[in-house]
Each structure stands twice: as C-alpha cells, then as structure tokens.
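Top line first, the protein sequences correspond to chains H and C. Residue numbers for the first sequence follow the working numbering, so the first one is 149 and each next one is one higher. Residue numbers for the second sequence follow the working numbering, so the first one is 3 and each next one is one higher.
Do not take every clue at face value.
To be verified - Below 35 Å or equal to it, Euclidean Cα-Cα: the simulated DSBU-like pairs (lysine-lysine) are:
#  : chain 1 : residue 1 : chain 2 : residue 2
1  : H       : K193      : C       : K84
2  : H       : K311      : H       : K345
3  : H       : K251      : C       : K204
4  : C       : K204      : H       : K233
5  : C       : K84       : H       : K199
6  : H       : K363      : H       : K345
7  : C       : K364      : C       : K84
8  : C       : K160      : H       : K363
9  : C       : K204      : H       : K311
10 : C       : K83       : H       : K199
11 : C       : K287      : H       : K193
12 : C       : K160      : H       : K323
13 : H       : K199      : C       : K359
14 : H       : K365      : C       : K364
15 : C       : K359      : C       : K149
16 : H       : K323      : C       : K84
17 : C       : K83       : H       : K323
18 : H       : K294      : C       : K358
19 : C       : K287      : C       : K84
20 : H       : K363      : H       : K193
21 : C       : K83       : C       : K359
22 : H       : K216      : C       : K83
Treat the hints as calculated values from the structure; they're not laboratory data.
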Amino acid sequence: MYLKDNKTMRNSYNIIYDLIGIFLFTGIFYSCKHKKDEYHSVTDKIEAESKNYHGTSISSDAYIGHIKTIEITEGEQTFLIPERKSQIKSYACTECHTKSLEKMQSKGFKKAHWNISIDHANENTMNCITCHDGKNMDNLSSITRKSIDFNNSYNLCSQCHTKQFEDWKGGAHGKRIGGWAPPRASMTCVNCHNPHKPHKPHFESRWPARYNTQKLKERE
Amino acid sequence: MSSNNKKWFSLDLNKKTDSCDCGKTSDGCKSSSNSYPHQSLHQISDADFDAAVDTEIANSYKKDGFEQVFDVKMDRRSAFKKLAASLAIGASAVSTSCSFIAGDESKEKSQIDWEEQFKGNYKLMSDEEKQATVDRLVRSYQLRTGKNVSMSSKNAEKDVLFGYAFNISKCQGYMDCVSACVEENNQDRNSQMEYIRIHEMKDGKGFNFNEADDNYYHEVPAEGHFYMGTQCFHCDNPPCVEVCPVSATWREDDGLVVIDYDWCVGCRYCMAACPYDGRRFNWSKPEVPEQEVNKNQHYLGNRMRKKGVMEKCTFCVQRSRAGKNPACVEACPTGARIFGNLLDPNSTIRWVLENKKVFRLKEDLGTEPKFWYFMD
C-alpha cells in the first residue's frame, strides 16, 4: 500500500516536471519574438529588409538642379560635389599670373592677394606653394608636386586630414545638398572651411538662434 | 469614392433643386471646386434625414466615422459630450441650410464641418478618403482666411525606413535647427513650443540630463561643454502608440510615428509613456502669424493644429516623403545631423551606422529608436 502510493506520487511528480519542461520549451520560442515583428531588433530588420532593396521612386534631382555639380568617385563612393572653378572670382589665375611665380615676385610688380594671409598649420609645415603650383597657377599641387584640379581640391586636404576624408566620403562629415534621396550631393571641404584660415569664420562662437522665455517662466 | 464605402452621411447643403443659370446642376453656381461627391438631390426634411442616415449606415460595410465615434465603450458623460458636439454642428448645418440669408459659402462651411466631424480615423481611410479630407481642410482654410495652402496626403513609400544620426562632436549648440523646426512646422508662437531640445552638458559628466541645461542663452559653444539634441526618435517599437486609447497615433510603414490631430482626444497618455520627452501638448490654441504660415503642409505633419491635441516631430513628413531633408538637417550649419533611408545600403545614414561607433538613448527599454548618436 505504502509502496504503491509512493509510485503514484512519483508519477504525478514526473507529469508536473514534464509540464514545466514543455512550458519552458515553448516559452523559448515565443519569448524571442516581439509582438507582430519577426525581427529581434531594428538593426536586424534593417539588414534583412535591405537585402532586396531596389531603390525608390523618390529623387533629390529637383533640389540640386540650381547648382552646378561634378561627379566624383572616391573608393566605393560616387557622389556629386559643387563645381568650384566658376565660383572663384578671379579664375583663371593665369589671367594675371602670366609668368611663373618666381618671375612675378621680383620688384616692379604690384603686390596681389594682400587680403589673404595663411593661418593653416605652421610656417614649417605650410606655405602658399604647399598647395598652389608656382609654375602653373591654374592648378593646385600635391605635396609630391602632382597637379590637382581646383574642382577636386578635396584631394589636397585629404593628404593630411585622412580621418575627416574617410568620414566625408562615407557621409558622416559635411553637409548634404538637396535631400536625403539619391543622387547624393555633398558639400566639398572648401564650401565650409576656408583653406587659408580653416578654423574661421564658419564655426566661431556666437549666440544661439533662439531663447525660450516661456520655458523659463514655466520653470520658475 | 463609391456610395457604399463612404463613411459619413453627406448633408449636401449646397444642392439646389433646380439647375441654375450657369447650367450646373450640382454645386452652387459660385463654388468652383468640390471634390467630394453629392448623392441626394432633394432638400432634406427630418424624416428623410433619418431614413438617409439609416440607409447610409446599413450600406457601409466598414465602420464609418459615426460608428468609430459612438461604437466604443464610453461613459455617459463623454457620450453626451460627443453627442452634444455633433448636434451643435448638425444644428448649425440645419440652420444655415434653412436660412435664406446664409450664402453658399456658409452652407459649404457647415457642410465641411459636418463631414469633418464624422470622418473616420485617418489610419483607416482609403487613399480617396484621405484626399477628400485634405481637400476639405484646404477648402475650409480658404473659406475661413481667404488664403490658399497646399496639403498632401502622400503615403509611405515602399522600401523606405527613415533614420537619423546625430554627431555630438559636431554640434555647437547654435540652435538653428530649433528655429527652422518652429518655422517649418507651424508651431504655436505664444507658448514657444519646440520639438527639438539641445542639451548643454558638462564635459566629463557623461549624459547627465538632470544637470544639463536645455535653455541656455550665452555664447556657444561654451568652454568645457558639449551639446546633444533630442526630439521624437520615431521608435520602431513605440510605447506612445501602445498606450493611445483611441488609436490616434501610429507607426507608418516608413517608420514615422504620426498623429491624427483630428482623432486625438488629448488625454496625454502618450506624453507620459514616452521615455524621451518627445511629445508636446497644445495647452492653448496654436497661433501663427498669417505671413509666417508654412503653406506646404501634410495632413500628418505641419498642418494647423487645434487646442488640446498632441503633436511632435514627424521628421518633417511633408518634406521627407518628398525626398527633402527635415528642416533641422537642412538648417544645421555644422553637418551634425544626418538623415536618410535605412533600407538603402548605399545611403549615408547606413555608412554612419556601419562605420561609426553609434549608440542610442535608453536602448535597454527595447523601444528601438531610429535615432543614433555618434562621435567623430
């Protein structure tokens, strides 16, 4: 009698254990899913749903039509940047610089560019001809004296500012022109930074555009 | 819009029994464009009115606006309130329709009020119904102010999921974004409502929102501080949507969390549920000087709101669905704000997510905000 009782008790314990096991097992399946969504997180969702991305009908074309742009390809990225030469007031430089720089520096010539002083790195590192080509004033020149077009002046900056260049190519540095939709058009370095005085005048300290007096009152 | 899926009964106040000189049998002679249809040509008597309402309700296979309003459990007080509001509109409609003095315009106005009162939830509307309500709102604005606005009801595009990234090393605290946002979204000028907050934080103290100043006024950037902007993060799993008792707020397919200002009852549950302080409430009637009103509007975005409803950042739905950047992104002089399509593997926002060290606020809550922060 006692033995039998013990046996049925053990059986009922087993059933309870089984039930708990089943609950836990099914629980694993259900708990991993958010309500209606089949993805665990939004990053999973982005990854999965963008696999079959074929583009959209939305375009930024209408918002960048008013500026002249050129297409560049740097690494894996191809995008538009504003054309530069037509924006430079006194381009082409050879209209004045008819001779090479050494000859024009001699006495008897009027001094030009009096309003440009260079405040970029220090005198040991940079002077005018670090970027400008003394022999062909219409083009810029790399550190190794390779010619660089004024339109692609970012190639000069990228010689030193490699990290910013990587971010800019990807789109983490700098500003988009037009909208978010393709085609991508981004400002180039000199649209925001003055290459002669790179820290000025664009990001000087100034007063904020707004002050909320109502918020101040509410919090008194 | 066919008659059997129309969600409200049309009063058709502008109908004339005989055709008028201009030869038109429908609409008043003066009213030029009425995009919503008219069905009955007879003048309404009370009996006809009731019969028409009955048949109209019987014909509709979807829940119409009236049912969406009244077929829910509610206490007597709110039922009477709603009934009273509807009756007031009905009464004014009847009085203008019976009056000989009232012109076509006032009749049209009360008809619009009537149809707007009994329209359904925007979320449940078909594209034609969305267009119709937008047309009514545009016409109503024209009748009230004599000015024209353009209002869109553009739906979410396929293969678009909007996302946002904010560079905390770039932001200088200029607040140009806040200004642009207020102007773009027709926010109330008196209460100085702002969707965006820029928090000035002390270096070395971490993201301490309690000690941060979100209403500074001194030259920026201030020494030893950094700046961090917050706004609606358009969570993929939004708690504000869960708590809304009337489904007046929801997540659109392109990820935008939007509000139907005409369906919102102003209970502010969503405001309490939002862990990011992203929602704002209209305590007073929002007012914008006429010359400053942004006339490029979207039903779910910057159209004029009323007193007692919630509103918040919509990633400028009127701009973003047209391919533009939100006003804050465009206004930022530092390039700290990046916006784009998360599903486009070549988009700049995707490059940021994949190549920078990004984080979100209160990630452990599982709200899945689509607003990432990163540093240079």
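Quick rundown of the hints versus the structure:
no., hint, in the structure
1, K193(H) <-> K84(C), "violated, 42 Å"
2, K311(H) <-> K345(H), "holds, 19 Å"
3, K251(H) <-> K204(C), "violated, 55 Å"
4, K204(C) <-> K233(H), "violated, 43 Å"
5, K84(C) <-> K199(H), "violated, 49 Å"
6, K363(H) <-> K345(H), "violated, 39 Å"
7, K364(C) <-> K84(C), "violated, 39 Å"
8, K160(C) <-> K363(H), "violated, 40 Å"
9, K204(C) <-> K311(H), "holds, 26 Å"
10, K83(C) <-> K199(H), "violated, 51 Å"
11, K287(C) <-> K193(H), "violated, 40 Å"
12, K160(C) <-> K323(H), "holds, 26 Å"
13, K199(H) <-> K359(C), "holds, 23 Å"
14, K365(H) <-> K364(C), "holds, 29 Å"
15, K359(C) <-> K149(C), "violated, 48 Å"
16, K323(H) <-> K84(C), "violated, 50 Å"
17, K83(C) <-> K323(H), "violated, 51 Å"
18, K294(H) <-> K358(C), "holds, 32 Å"
19, K287(C) <-> K84(C), "holds, 20 Å"
20, K363(H) <-> K193(H), "violated, 39 Å"
21, K83(C) <-> K359(C), "violated, 53 Å"
22, K216(H) <-> K83(C), "violated, 60 Å"
Consistency with the previously given hints fails for numbers 1, 3, 4, 5, 6, 7, 8, 10, 11, 15, 16, 17, 20, 21, 22, ordered from lowest to highest.
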